[in-house]
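Using the hints, position chains B and C against chain A.
Listed here are the chains, written in short residue letters.
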Amino acid sequence: MTILEIFNYLGQLFNSVELKGNGECQISAPAKIETARRGEVTFVANEKYLKFLSSTEASLIIVHHSVTVDEFLHKSSFLKVNDPYSAFVFLLQKFAKPRTIAPKGIAPTASIGQGVTIGEGVSIGASAVIGDQCSIGRNCVIGSHTVLLHDVIVGDDTTIFPSVTCYDGTVIGKRVVIHSGSVIGADGFGFAPQKDGSYVKIPQMGIVEIGDDVEIGANSTIDRATMGSTIIGNGVKIDNLVQIAHNCSIGDHTVIASQAGISGSVTIGRNCVIAGQAGLAGHLELADRTQVAAQAGVSKSFMQPGMALRGYPAQPMRDQLKHEAMLRNLGTMKEKLDRLEAEMKTLKM
Amino acid sequence: MTILEIFNYLGQLFNSVELKGNGECQISAPAKIETARRGEVTFVANEKYLKFLSSTEASLIIVHHSVTVDEFLHKSSFLKVNDPYSAFVFLLQKFAKPRTIAPKGIAPTASIGQGVTIGEGVSIGASAVIGDQCSIGRNCVIGSHTVLLHDVIVGDDTTIFPSVTCYDGTVIGKRVVIHSGSVIGADGFGFAPQKDGSYVKIPQMGIVEIGDDVEIGANSTIDRATMGSTIIGNGVKIDNLVQIAHNCSIGDHTVIASQAGISGSVTIGRNCVIAGQAGLAGHLELADRTQVAAQAGVSKSFMQPGMALRGYPAQPMRDQLKHEAMLRNLGTMKEKLDRLEAEMKTLKM
Amino acid sequence: MTILEIFNYLGQLFNSVELKGNGECQISAPAKIETARRGEVTFVANEKYLKFLSSTEASLIIVHHSVTVDEFLHKSSFLKVNDPYSAFVFLLQKFAKPRTIAPKGIAPTASIGQGVTIGEGVSIGASAVIGDQCSIGRNCVIGSHTVLLHDVIVGDDTTIFPSVTCYDGTVIGKRVVIHSGSVIGADGFGFAPQKDGSYVKIPQMGIVEIGDDVEIGANSTIDRATMGSTIIGNGVKIDNLVQIAHNCSIGDHTVIASQAGISGSVTIGRNCVIAGQAGLAGHLELADRTQVAAQAGVSKSFMQPGMALRGYPAQPMRDQLKHEAMLRNLGTMKEKLDRLEAEMKTLKM
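Protein chains in written order, with this note's numbering: chain A, 53 to 401; chain B, 53 to 401; chain C, 53 to 401.
Misleading hints may appear alongside valid ones.
Derived Cβ-Cβ restraints for the label pairs, each shown as a range [what the hints assert, rightly or not]:
| id | chain 1 | residue 1 | chain 2 | residue 2 | range |
| --- | --- | --- | --- | --- | --- |
| 1 | B | Glu57 | A | Gln166 | 50 to 58 Å |
| 2 | A | His335 | B | Glu57 | 26 to 34 Å |
| 3 | A | Glu387 | C | Lys247 | 47 to 55 Å |
| 4 | A | Arg89 | B | Gln185 | 52 to 60 Å |
| 5 | C | Glu337 | B | Gly173 | 52 to 60 Å |
| 6 | B | Glu393 | A | Arg380 | 17 to 25 Å |
| 7 | C | Val252 | A | Arg380 | 15 to 23 Å |
| 8 | A | Asp371 | B | Gly91 | 45 to 53 Å |
| 9 | B | Gly91 | C | Val252 | 43 to 51 Å |
Below 16 Å or equal to it, Euclidean Cα-Cα: the simulated EDC-like pairs (lysine to aspartate or glutamate) are [what the hints assert, rightly or not]:
| id | chain 1 | residue 1 | chain 2 | residue 2 |
| --- | --- | --- | --- | --- |
| 10 | B | Lys103 | B | Glu86 |
| 11 | C | Lys397 | A | Glu395 |
| 12 | A | Lys226 | A | Asp264 |
| 13 | C | Lys400 | B | Glu393 |
| 14 | C | Lys247 | A | Glu387 |
| 15 | A | Lys386 | B | Glu86 |
| 16 | B | Lys103 | B | Glu123 |
| 17 | C | Lys226 | C | Asp209 |
| 18 | C | Lys156 | C | Glu109 |
| 19 | B | Lys226 | B | Asp208 |
| 20 | A | Lys156 | C | Asp184 |
| 21 | B | Lys247 | C | Asp135 |
| 22 | B | Lys388 | C | Glu387 |
| 23 | B | Lys247 | C | Asp304 |
| 24 | A | Lys388 | C | Asp184 |
| 25 | C | Lys84 | C | Glu109 |
| 26 | C | Lys388 | A | Asp264 |
| 27 | B | Lys84 | B | Glu99 |
| 28 | A | Lys397 | C | Asp390 |
| 29 | C | Lys253 | A | Asp264 |
| 30 | A | Lys132 | A | Glu99 |
| 31 | A | Lys247 | B | Asp135 |
| 32 | C | Lys386 | A | Glu387 |
| 33 | A | Lys400 | C | Glu393 |
| 34 | A | Lys386 | B | Asp390 |
In short, the hints are calculated from the structure, not lab data.
A virtual CB, placed ideally from N, CA and C, is assigned to each residue, including glycine.
Extracted from the complex, chain A is given alone in its bound form:
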């Protein structure tokens, strides 16, 4: 792809793209600015990377309109845009090598149950197991060794990587991506304590419903509801090793980072961000656009939209930062207290 072709491609997606320098040069790959070589394209979205403009070998650099580039035009061309990061992301999609998760068609070693519906253009990998009465939409890719128990519904254009397990009744939307090792729809963790100290299992009769455009990382677990559905909204992005317990409802476009744990019957609003290793206690609710910091422990509901929470037990960011400052100040408090005590002794003498 030449620089001019990239210019034209981005021009279709973004307003006011400007080319500075030579447009003829062939671009072979994207790269980080620190390691980019001749023939590669990179970007600067964060001011602290501007220092690399003089040293990088990149032939093309995507920058913000405000960046002065004239002194580097002897070695690099530039595309100036309003949002260099997004422009680079869309460019990456152009360079992404095609990945084969499973060859087109149904592998001869795949096991297809009775009453299964399979749309056009579907790929089903080696040894995959599709249970009775499953329905697989058009252009889906089901990786090798993935197991769908019976009555699973998969929407069009969804990709399930190898070795995913979906329990019976799971409903998956369109354009969903599920990475390897994740388990969708296993039984919620519900046991009724008996007088003798043992437990009786509470049947988990519900399902998991996953919306459109969801991405779920590797080795995450989303449990089925006791009754009704555990709900993952449209556009939700879930990282690796995340736990979502039974009866949760996650609002559209909410992001949950790795190793976060959402206890049972939690309701999370839209456009929230739950950072890594955060934990939410059961039966609570978070309003839209709530942000939970890494390792925070949320023990109650926060119903006002847009709050940032932090700490254990989690509280609003401002209160928590004040609290942490106070903690850092403990030594000074102690010194002051000791001095006052000494002065008091003197006074009383």
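Quick look at chains B and C alone, frame taken from chain A:
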């Protein structure tokens, strides 16, 4: 099932079940009280849900004997019991749809090793791998893609969902349930540091022994012992993404919630509860009926039965709550200190 | 194996091994000192286990040169060494039973892609899937149900247990061990937020590169880089359920314990230890030999080699322990403050 049939069924299990209202109506499904419709059964175990009695459409509601229901009899029938929650749990079992994890018999694509013993009524799913000298008890279900390495023993009536891995020598009791993606008996994390900074692997020669009536969630890991056995007692319930390291011993009927981590050589007593994301340091012991709060970090043994632990490092609940109250009070302390300082200045003038 | 043979074996590996007592006795197995029986070998590396010397039935005990053993020679023989722990570890390797992960050769149910290179002496288990253009080194063992997508390179003498997934392009070194359920090379968690609150996926075009002599536990996840490589250095040891995000670089011989989470673009030096459930925020750097305590939350870089970090946010051990002591002292501070306040009142009267 009619209300009268439900009345008879619960009457066999619980004392003093009382029917108020019409017993003829057909009940098709259980439901939550907020969403229940005509022909469905629900329950109230917690007082704060009593407010839904007037609005719910449920045809049958299970309540405690103390609840006054006369004003609702025009639209709902009631079963009065001593423990509405348990009654409902047993009723759920009646309504649970049968789930097929693997059809009866041995799938033709399953791989069965040499010297394997398989009891009557066993189901082994597609592509499952049963290693040499394994023994599978009566009526077991082994999901598709589950792998048992050699010399694994599985007790009667045990269900292993798809894509579980049990390493060689694992011993599993009766009526155990293991959910997808869990790995039982992988090598403990043991390496001897060498003078040059590298590590030599310590052979992990032991096994994992799992008692009867245990349930293990999805994607959990239980490591084999270095020597001897990692022991999971009878009736233990383990949630998803839980780590149990080598040489641990978990007492009967202990419950471990999601993402909790138990370090090596820990001994946990009977009837304990370890909440989500809690962590236990290595080589410590917890007495029977210990309760560890979510995200707590337990750094030493607690040998007195029945303690509740919380915080990092974890301490008895009462001490920790006092400590947390003191922390919340830091601002007041600081103000008081500043005021005293000012007064001291005045006095000294 | 006789005691004399063990003496000779250890004599080849360690300096100055000394035999006290009878060398003829047959040794059948290693055991813990508390449970060892006649005919078994055990060791004492930690002084607090010396008390078992009088009660243990072990026929052979490995101890440090400084231990006085004469009074126990009537029942046990002793091997005195400089490092009893290491000596016992090497002895364990002698007693380890052979484990069969997959029989020699390629299982007939394995699926081998086009253009695959397979070295001599390789075992590939039932239903394993080796994608196009993969290269498997000599004497590798690929467990049943393991899936390698296309273009994966596996070095000589590497063992991959059942049900591991390696995404396309993953490069694995020599003598590596990967336990069941781990997912190597899944897409990094990268999404560009759009104005309407939705996210656009950032293509993850890089790979994962794993050095030689690495061991990775069960159900861990290591994500591919956005561009370039996520790097796991030589000799790195990773426990179960660990998350390593995209673009990380882990230095040689670093150890990462269970459920730790390393966020994106983190660089960890050589010979570090990251304890269980610790979390590292994104884009930070830790110098060589850094030690991070369990459950710590590291929020910034620490560039001085050899530091021990603890707490949330993590700080150097000495500061953190001082801080924790101060916290424990809060009650005393409060009492002192209240007393001073009362005294002040008296003074002002």
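Hints violated by the structure (listed by number, smallest first)
1, 7, 14, 15, 18, 24, 26
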